[in-house]
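Novice: Residue strings, one per chain:
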Amino acid sequence: MWRFLAEAGAVFTKDLRTEFRTRVALNALGLFAITTLAAVSYTIGPYRIAENDRPFLLAALLWIVIFFAAMAGLDRTFVKEEDTHTAPLLRLSAEPLVVWAGKLLFNFVLLDVLMAILVPLYMVLMGFRVASTAGFLLVLVAGGYTLAVTTTMVAAIIARAMTRGALFSVLSLPLLLPLLIFLIQGTRAAVEGSAEGISDSLRAVVSLGGVMTVVSVVLFPVVWNE
Amino acid sequence: MNDLLGIMLVTLIIWAGLFAYVYRVDRKVRRLEMEDL
Amino acid sequence: MGTVLRWVLFVWMAVIIWAAFYYAPAASGFQGQSSRIVFFHVPTAWVATLAFLVSCIASIRYLRSRDPKEDIRASVAGALGLTFAILATVTGSIFARIMWGSYWNWDPRETSITFLLLIYAAYFALRAAIADPERRATMSAVYAILAFVTVPFLVFVVPRIYWSLHPDTIINTQGRIKMDSRMFQVLMGSLVGFTGVFSWLYSLECRVEGIRRRRQHEVL
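Chains as they are written, first to last, in the working numbering: chain A, 1 to 226; chain B, 1001 to 1037; chain C, 2001 to 2220.
Quick caveat, the hints were computed from the structure, so don't treat them as lab data. Computed from a prediction, not measured in an experiment: that's the story for all the values here. Each statement offered as a hint is correct.
Below, a list of computed lysine-lysine pairs in the DSBU-like style, where the Cα atoms sit at most 35 Å apart: (1) B/Lys-1028 to C/Lys-2069; (2) C/Lys-2069 to A/Lys-80; (3) A/Lys-14 to A/Lys-80.
FRET-style restraints, in silico, Cβ to Cβ: (4) B/Leu-1005 to A/Ala-195: 55 to 63 Å; (5) C/Ile-2098 to B/Ile-1014: 17 to 25 Å; (6) C/Ala-2121 to B/Glu-1033: 26 to 34 Å.
From the three backbone atoms N, C-alpha and C, an ideal C-beta is built for every residue, glycine too.
In isolation and in its complexed conformation, chain A is listed as follows (with noise of 0.2 Å):
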């Protein structure tokens, strides 16, 4: 058990290390869900969205920029293996569970980091508040959880096949748009404090994260070794 968490861990910092030396993910993440915020804030803007629309309207956007940073950045980290020829290496050096818990650690560590910045920012730039705060942080973290137990699936499947950039958003938006129903109803729940609402979506976007976690501790090692 602790030998598996510290290969994972390792695989996972390697990661990280060369996530940092280059930033490719980061920027990518980083500069599609600015661009968006941007464009969003500036046509829309905190006050042009009627009083009881918002709610909605604002989780459906902030969700959805969030989903399609991810989009940008969230399979790099199997691309990149495949491209720079390190993938035979790691297939050789760690057994393909230890792999996807790195790996999945890196996506969902990356989801956090970009969440930390674009949340701030879409509360400033579109007048974004919520009632409940303990409830919308819940749902973001279950809700990056799951996104990035998905997407990683997702990316280790394309990997190695053609198209690979436009190949897995075509792939991920299908399997995500349940959580993403659940992740809008979720925060907006949290914006107008219903508890009941919160409950409801946790629930459902944790049991798809389960499963989806269990789906792919089976499944992984089939990909991967493939």
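Following the hints, put chains B and C in place on chain A, whose structure we already have.
Specialist: Below, chains B and C without anything else, positioned relative to chain A:
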């Protein structure tokens, strides 16, 4: 009433056409499978 | 599918078509005769879902046995599923236009069929992007399974939450009407017929694809 009849007949014709087409494909596939044996 | 069975299917569907227009009554609460489209629309959606199920089962079996025949089954079922999903979306949209005046409303059923369409499209995009046959089979099988586990969430959980927040969304009233017994009979008969058509097309396509691959191997 006539419109209904018309739509029904069109549907029937479409079905007959589809059936005939697939039937022909089926026969051709059978022939190909015989050849391969 | 034996010859007799095929002709039975032909007559069956011909009778269903007649019955859809003349045996079953037009449902009240619908515009004129437009409710009759239900006898064709519902079965196409049903077949699209059935095909998805077949595709997923074949995918699981492929991953266990690595038998190329299962990959054929998965991709053929997928292609048929895509076709029927498109048919279902189009017939549903026409119906929505007649009944409620707009082609699309994102009610839960419409959302589900769109989701299915996206999954199928993604499945074939993935297959097109991988050259090596074994890897293509494996990756698309994995994706099919991933898609399969997300379906319950979309189909069951979303509508529950969806309704509570969008009460003014136009309700697809099919589920609420207590069906006239004749309508029910025709609908069931149509379901059986469409399933028969699907299974015929499915087995036929599997054989065609099998021949195609065999011949490719011979050439190589």
